[in-house]
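Protein chains in written order, with my numbering: chain A, 1 to 143; chain B, 144 to 290.
Hints may be right or wrong, so weigh each one.
Computed list of lysine-lysine pairs in BS3-like fashion (alpha-carbon distance at most 30 Å, straight line) [what the hints assert, rightly or not]:
1. A:K113 x A:K56
2. A:K113 x B:K230
3. A:K129 x A:K41
4. A:K131 x A:K113
5. A:K113 x A:K129
6. B:K230 x A:K41
7. A:K129 x B:K278
8. A:K41 x A:K113
9. A:K56 x A:K131
10. B:K278 x A:K131
Quick list of simulated restraints, FRET-style, between CB atoms [to be verified]:
11. B:K278 x A:S137: 27 to 35 Å
12. B:Q189 x A:K56: 45 to 53 Å
13. A:K129 x B:S275: 37 to 45 Å
14. A:L132 x B:F147: 17 to 25 Å
15. B:T193 x A:D8: 40 to 48 Å
Calculated from the structure, these hints are not laboratory results. Keep in mind that this is a model prediction, so the values were computed, not measured. The beta-carbon is built from N, C-alpha and C at its ideal position, and this holds for glycine as well.
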Amino acid sequence: MINRLFGDQTMSVLGNALRATDLEHQVISNNLANVDTPGFKHSEVLFQSTLAAALKAQADGSDQLQGTRTNANHIAIGDTVSPSDVQGQAVVRAETSLRPDGNNVDIDSEMTKLSENTVLYQALSQLVKMKLSELRSVIREGR
Amino acid sequence: MDLFRSMAISGSALTAERLRLDVIANNLANASTTRTAQGGPYRRQQVVFTPRGEETQWMFPGMEAAPKFRGQGVRVAGITADASAFKRVYEPGHSDADASGYVSYPNVNTVTEMVDMMAATRAYEANVAAISAAKAMATAALDIGRA
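Go ahead and model the full structure; you've got the sequences and the hints to work with.
This is how it looks when you write it as structure tokens:
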């Protein structure tokens, strides 16, 4: 019964999104902490693009087509994760250099991402709150 | 909660930038010190920053989900002496003047130190902003539990 209440993917996607935003904040903090460290390469979090790909695969049904893998080294065909399983991933961006010392932290873009990320986190937590108040309303029979 | 980890990351940067500011202040204070315990004029010092914790792993979207981020901020690897030459000023009356009447002054450039000081201050402010953001996010998360 409880599983049915939380059964749709909204709650798990929102939970993963909050976790990804949290991870993003750690990554931005670490980039800012190392703004003067020679040779440091900044990281970023991949989440929205992965989630969009998973949602698209679910919508056009291409997640149904799966290639069988008999060996772990085979290339995965149609191996998309379901939207509720998409997690944020931190990746290092080592391709560029902004300064002669090899550091590539762009403080302006990091500060923009920082405030953007904070607003996103607040919006997501509002959505979780609304989802829970919907459920509460149903449990109380709309009273 | 992982938001406390990002506060710790920013905190490490505050410590490092403050130490950098201390070293700059020491350089400025000793900008004309001609006599030290080691002999000779004061030598300019500078901090060396290095990342704390392991590097993040290379990963591509769609690969096995392991959202493990290992960055732990920054630390000061050491304080090194600037090996550049001292300023030589002709002051025959000075008690630290050599045989030809020249006094060696520290290799501290006040303008460079002031610029470094501003950079350290701005970096400090950026990390304070990151801590405030983490606090706002933690407050929003706590608000989920409230009715």
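Are any of the numbered hints broken by this structure? If so, which, sorted upward?
2, 3, 6 and 13
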